[in-house]
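Colleague: Chains as they are written, first to last, in UniProt numbering: chain W, 1 to 335; chain S, 1 to 335; chain X, 1 to 335; chain D, 1 to 335.
Treat the hints as calculated values from the structure; they're not laboratory data.
A few of these clues could be false.
DEER-style ranges, computed between Cβ atoms [to be verified]:
| # | chain 1 | residue 1 | chain 2 | residue 2 | range |
| --- | --- | --- | --- | --- | --- |
| 1 | X | 29 | D | 267 | 48 to 54 Å |
| 2 | X | 168 | D | 267 | 35 to 41 Å |
| 3 | X | 107 | W | 69 | 58 to 64 Å |
| 4 | W | 105 | S | 245 | 28 to 34 Å |
| 5 | W | 111 | S | 202 | 51 to 57 Å |
| 6 | W | 325 | X | 39 | 26 to 32 Å |
| 7 | S | 269 | X | 140 | 37 to 43 Å |
| 8 | D | 267 | X | 39 | 32 to 38 Å |
| 9 | W | 78 | S | 243 | 40 to 46 Å |
Not close to chain W: a few residues of chain S, all C-beta gaps over 10 Å, as computed [unchecked claim]:
| # | residue |
| --- | --- |
| 10 | 81 |
| 11 | 115 |
| 12 | 117 |
| 13 | 200 |
| 14 | 204 |
| 15 | 258 |
Computed footprint of chain X on chain S, listed as stretches where at least three residues anywhere in the stretch have a Cβ under 8 Å from a Cβ of chain X [claimed, not checked]:
| # | stretch |
| --- | --- |
| 16 | 49-56 |
| 17 | 65-79 |
| 18 | 277-287 |
| 19 | 319-333 |
Every residue, glycine too, gets a C-beta built ideally from N, C-alpha and C.
There are 4 protein chains.
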Amino acid sequence: MSMGIRVAVAGASGYAGGELLRLVAGHPEFDLVAATAHSQAGHRVDVVHPQLTGLDLVLGTTDPTALADADLVFLALPHGESAALAAQLPAEVRIVDLGADHRLADPYAWAQYYGGTHAGQWTYGLPELPGQRELIAESTRVANTGCYAAAITLALAPLIADGAASPADVVVVAASGTSGAGRAAKPHLLASEVLGDLSPYRVGTHQHVPEIKQASGATGLSFTPVLAPMPRGILATVTAVPARGVDPQQVLAQAYADAPFVHVLPEGRWPHTAATLGSNSCHLQATVDIDSGRLIVLSALDNLGKGAAGQAVQNANLMLGLPETTGLSIWGVAP
Amino acid sequence: MSMGIRVAVAGASGYAGGELLRLVAGHPEFDLVAATAHSQAGHRVDVVHPQLTGLDLVLGTTDPTALADADLVFLALPHGESAALAAQLPAEVRIVDLGADHRLADPYAWAQYYGGTHAGQWTYGLPELPGQRELIAESTRVANTGCYAAAITLALAPLIADGAASPADVVVVAASGTSGAGRAAKPHLLASEVLGDLSPYRVGTHQHVPEIKQASGATGLSFTPVLAPMPRGILATVTAVPARGVDPQQVLAQAYADAPFVHVLPEGRWPHTAATLGSNSCHLQATVDIDSGRLIVLSALDNLGKGAAGQAVQNANLMLGLPETTGLSIWGVAP
Amino acid sequence: MSMGIRVAVAGASGYAGGELLRLVAGHPEFDLVAATAHSQAGHRVDVVHPQLTGLDLVLGTTDPTALADADLVFLALPHGESAALAAQLPAEVRIVDLGADHRLADPYAWAQYYGGTHAGQWTYGLPELPGQRELIAESTRVANTGCYAAAITLALAPLIADGAASPADVVVVAASGTSGAGRAAKPHLLASEVLGDLSPYRVGTHQHVPEIKQASGATGLSFTPVLAPMPRGILATVTAVPARGVDPQQVLAQAYADAPFVHVLPEGRWPHTAATLGSNSCHLQATVDIDSGRLIVLSALDNLGKGAAGQAVQNANLMLGLPETTGLSIWGVAP
Amino acid sequence: MSMGIRVAVAGASGYAGGELLRLVAGHPEFDLVAATAHSQAGHRVDVVHPQLTGLDLVLGTTDPTALADADLVFLALPHGESAALAAQLPAEVRIVDLGADHRLADPYAWAQYYGGTHAGQWTYGLPELPGQRELIAESTRVANTGCYAAAITLALAPLIADGAASPADVVVVAASGTSGAGRAAKPHLLASEVLGDLSPYRVGTHQHVPEIKQASGATGLSFTPVLAPMPRGILATVTAVPARGVDPQQVLAQAYADAPFVHVLPEGRWPHTAATLGSNSCHLQATVDIDSGRLIVLSALDNLGKGAAGQAVQNANLMLGLPETTGLSIWGVAP
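With the hints as constraints, model all of the structure from the sequences given.
Modeller: Right, here's the structure in full:
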């Protein structure tokens with residue numbers, strides 16, 4: 001048994017939780033010391049996550065004492081439940097929160113889109129934003145990005161920051177695999193409903209809008225999310241008005257020259273979701289529409305990878321002084 | 001055996017051709033007198049289209065003599081092959097062309113997006129455009145809409161015509177099932193590649209752009225098509241800048257009040273593709289984005305139904321003086 | 001408005017119920033006079049079944065008074081709920097029960113596999129069994145087949161009856177699309193779980209075993225059902241020991257020579273589920289394994305078509321003296 | 001750059017080849033020194049396998065000189081092409097052949113099922129067979145198992161060897177994801193055909209039959225393979241007549257007590273394919289059918305993992321004296 005960094009996962013029964021367990025259990029520097037859940041507490045991990053058959057672990061109950069002993073805790077709880085739990089953990093325990101509770105700077109935006117009282121902002125866990133890698137490394141509390149926000153911000157932020165794209169009229173249509181909708185048994189998520197179907201939801205009112213605007217720098221955003229018949233993956237089509245005559249591909253390539261997980265594809269190749277499955281990578285490509293002159297950026301990632309658990313491990317690596325790629329895969333599992 | 005209208009299908013071995021055979025064979029007023037193909041000529045229909053097992057018919061060769069005897073001919077040929085064949089058919093034979101050859105008014109747009117010489121424009125086969133039902137009824141040559149153009153035009157044309165949406169900055173992202181890409185065996189259309197994948201293609205350069213602009217009235221169009229892991233269905237997300245303060249849902253509802261196949265959904269319900277499978281219906285819903293103020297219209301249809309073969313039969317019904325719903329289903333096959 | 005046969009559907013909110021509504025509403029001799037449900041009562045049909053948008057109907061409550069006025073009632077209720085309701089309907093109202101309540105002759109088998117008291121046997125609703133078409137035509141109470149039983153019995157019964165296959169050691173593996181598992185929101189039926197997955201269930205203990213044995217004549221049956229990542233369709237692989245040297249394909253072809261919905265395919269073509277989607281057809285093919293000498297029969301149908309609602313309408317047609325194909329499609333919707 | 005074991009992959013453009021590249025590139029002891037292909041030679045790896053974006057490698061031409069310099073070569077070539085290439089490689093270069101060329105002992109079986117002259121038998125690469133781990137460790141030439149053979153043999157061999165199952169009347173139905181059918185663009189493998197479909201093929205005549213019999217000990221085998229609408233995964237339902245009254249689960253559990261990749265599931269849990277995706281694991285469960293008394297064993301694995309590339313790396317590890325789990329995952333990627 002290694003004497004590694006002691007890591008716990010709270011909310012381990014959901015899909016992000018399961019992917020966290022897979023990554024933590026396979027991480028060369030981490031020891032998985034606890035995994036907790038709510039209604040699934042008391043079950044073996046492989047009953048809840050059959051893909052983890054061979055991992056000898058029983059889910060505990062999510063309470064602070066089960067977690068306080070860890071060096072780092074991942075919180076994969078429903079939105080609104082992280083703050084209370086985090087407040088009961090010792091200050092020296094590092095926390096990466098995969099929920100939305102601590103992402104927003106603006107309490108009014110929280111109130112409008114989520115309701116209730118805002119829990120306060122933590123360091124935003126998107127290492128590829130300028131300067132953010134260093135901020136994360138110094139933080140003991142990091143708010144992991146939302147899955148849509150990761151895909152869209154990586155596509156858009158450098159273009160707005162560079163002045164290449166206007167922040168004022170950004171139009172995004174993004175489709176997600178079903179694991180992004182969680183594991184609760186809801187009728188519209190049944191396979192019978194989803195197979196063969198593309199289904200938009202929360203059109204023009206999705207709760208990720210303020211996070212996307214805050215992270216990307218967009219000031220006006222039309223966002224249409226769509227549920228797609230696949231288990232994982234986000235494909236975001238991000239369009240914006242070009243602010244000056246630059247090659248968007250070049251701006252992106254320069255912004256991510258040193259980012260191991262963000263790949264601006266060579267010309268002629270477009271991102272597609274299957275190529276990112278199981279990886280922590282985001283694939284990007286940009287063009288200018290020949291008819292409208294709009295910038296179009298396509299962004300693909302695995303919503304449970306770079307959109308959730310992979311991103312969280314990357315943040316944890318940075319917080320713990322490890323190389324950010326430790327225990328993560330650049331490459332996807334395909335076909 | 002009925003003494004019905006004699007109908008032939010040229011290009012019957014592809015996916016649109018197969019759906020045409022199903023609809024024609026089940027049409028109460030049509031007699032299917034010939035079905036022709038290229039490399040599949042000589043095969044029984046049920047070898048090429050196993051779903052038509054029980055239909056006793058052998059595919060003939062696509063030549064004018066096999067078709068000239070029909071009252072109405074559907075052409076489901078590759079783009080660029082309809083004009084030559086149509087020129088050899090008697091003037092009194094009614095023709096519905098499912099290819100792109102005769103859709104465009106502008107020969108320069110044809111040359112730019114398709115290449116070669118434009119074959120000339122026929123009556124545009126979208127009955128729900130104002131006055132178009134009458135034009136189709138008087139025509140012996142009708143150019144069926146493209147599948148994307150049908151979905152997008154039905155969503156957009158009434159809003160632009162009404163002055164509710166600006167034609168200048170329309171942004172569309174539309175995803176299609178794989179049958180829209182045809183039946184030729186191409187590596188990127190293999191199930192292994194498509195399953196679990198969303199894949200954009202021809203971003204900003206798709207050849208349907210001029211047809212969509214011509215039919216919808218848009219003057220500036222950013223169009224991103226995406227291949228989705230399902231056999232049928234198009235979901236188009238159409239956004240535009242509102243030109244004045246109107247309720248887009250109301251404009252659409254009024255435009256389609258008498259259209260049996262276009263359904264503007266009640267508030268709270270969004271179109272999704274699976275609900276239109278096998279039908280000739282298009283489902284629409286509209287809203288105004290709370291952040292950007294953009295109009296967002298969602299449009300769903302079956303690319304082989306209202307996007308191809310169903311639309312073609314609807315046009316044929318009108319050309320032949322039949323009720324436009326004859327032999328078509330308003331209802332989809334789900335789940 | 002036609003003065004057709006008055007038809008009601010009880011249990012109209014599930015998947016079989018939705019398919020029944022589609023078929024009844026499109027049936028040329030039926031008037032859909034009532035559709036009832038339990039928790040969904042009070043909702044418009046198109047809210048519950050978006051594919052039926054355009055059908056102007058509100059779901060009522062499932063009680064005898066709502067149904068007694070019909071000429072024929074389809075019961076698509078959970079297993080165990082049909083008997084009580086049927087007992088309260090007038091004797092002259094014809095009933096087709098899609099549930100299992102009245103299929104079995106043997107009350108002990110009912111008790112062993114379903115539990116509780118057996119409600120008594122009705123005429124078994126598989127018209128293609130010898131003499132069964134006539135029995136159904138004379139009945140006012142018909143027990144529709146189960147979906148697996150339909151697929152397996154059509155493959156097996158003529159071979160056993162003919163003496164071509166031994167009834168003693170039948171091995172069946174059959175996979176079904178998810179709609180066969182119903183519409184209740186259960187975690188293992190979520191798209192995230194089902195996509196990319198083949199999952200066996202109730203191995204060696206499935207409750208359809210006694211029905212399959214009773215209908216097919218098998219005396220020993222090993223049955224393994226598998227959930228497949230598709231919304232509809234059953235593919236049954238049925239193997240048996242040949243009892244004498246006959247050509248199984250020929251036995252089947254002869255048995256179904258006059259059956260409009262059962263197609264024994266020409267040599268070289270194998271049944272597959274997609275070819276039957278939306279139809280009331282069953283496709284069959286048989287061979288003898290070159291290594292083991294076993295008979296192998298493959299059977300494909302749509303579990304909501306010939307496996308449920310289509311079969312029910314076929315039975316209803318017979319009970320009402322209509323041609324058995326009325327309002328049903330031989331052809332599937334593909335791709 | 002590490003001074004690792006020099007590894008080459010021939011036939012790197014196919015699906016097994018792509019998975020080999022992923023595993024080799026991520027293997028802690030391997031240096032990927034060459035990857036070769038036929039028509040794709042000259043292309044960057046990430047053009048051919050977008051999931052490997054970030055792997056800086058160009059595909060070379062498959063010839064002996066490009067491979068002779070490696071310590072170990074994986075051959076992922078079409079069946080029948082391995083023998084000629086292997087003959088040109090130095091004797092000290094270790095080879096794992098993923099093709100069928102060297103699996104069979106019986107040249108007559110090769111001639112009957114594959115045609116042509118048999119290339120001769122190599123050590124069979126299924127480490128979990130009794131004594132096989134040691135044989136593989138001593139070999140420089142290993143014939144990797146076929147994907148179906150792996151799934152079925154792991155389920156069956158211990159039961160036959162133990163005398164728990166009769167070898168004489170084994171009935172297997174096994175469904176595979178589409179990657180098992182390769183990457184050549186064939187019409188029946190198009191997504192439009194595969195989605196929503198279960199399709200049997202080569203029923204009773206599949207070329208894996210002699211390999212399965214040889215490896216498992218079965219003397220009579222009825223084998224029905226089915227193509228399923230998923231990219232990866234095999235689920236095999238294996239039934240046999242019990243030879244004496246033993247608990248099949250216990251026999252299997254004992255046989256695989258020390259096998260890190262073969263998991264006999266606890267009672268009540270059934271193997272399903274999605275739980276093995278991306279892993280080198282095989283999940284097993286067994287029962288006795290309550291009606292027929294047949295043994296039923298269910299076996300699930302990833303056809304590109306334990307069924308091909310993962311298995312090959314496991315064999316290579318053994319041949320090179322490494323722990324057999326090096327660079328392989330026990331856990332799958334789900335959902």
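Colleague: So which of the earlier hints does this model not fit?
Modeller: Hints 2, 5, 6, 13, 14, 17 contradicted; others consistent.
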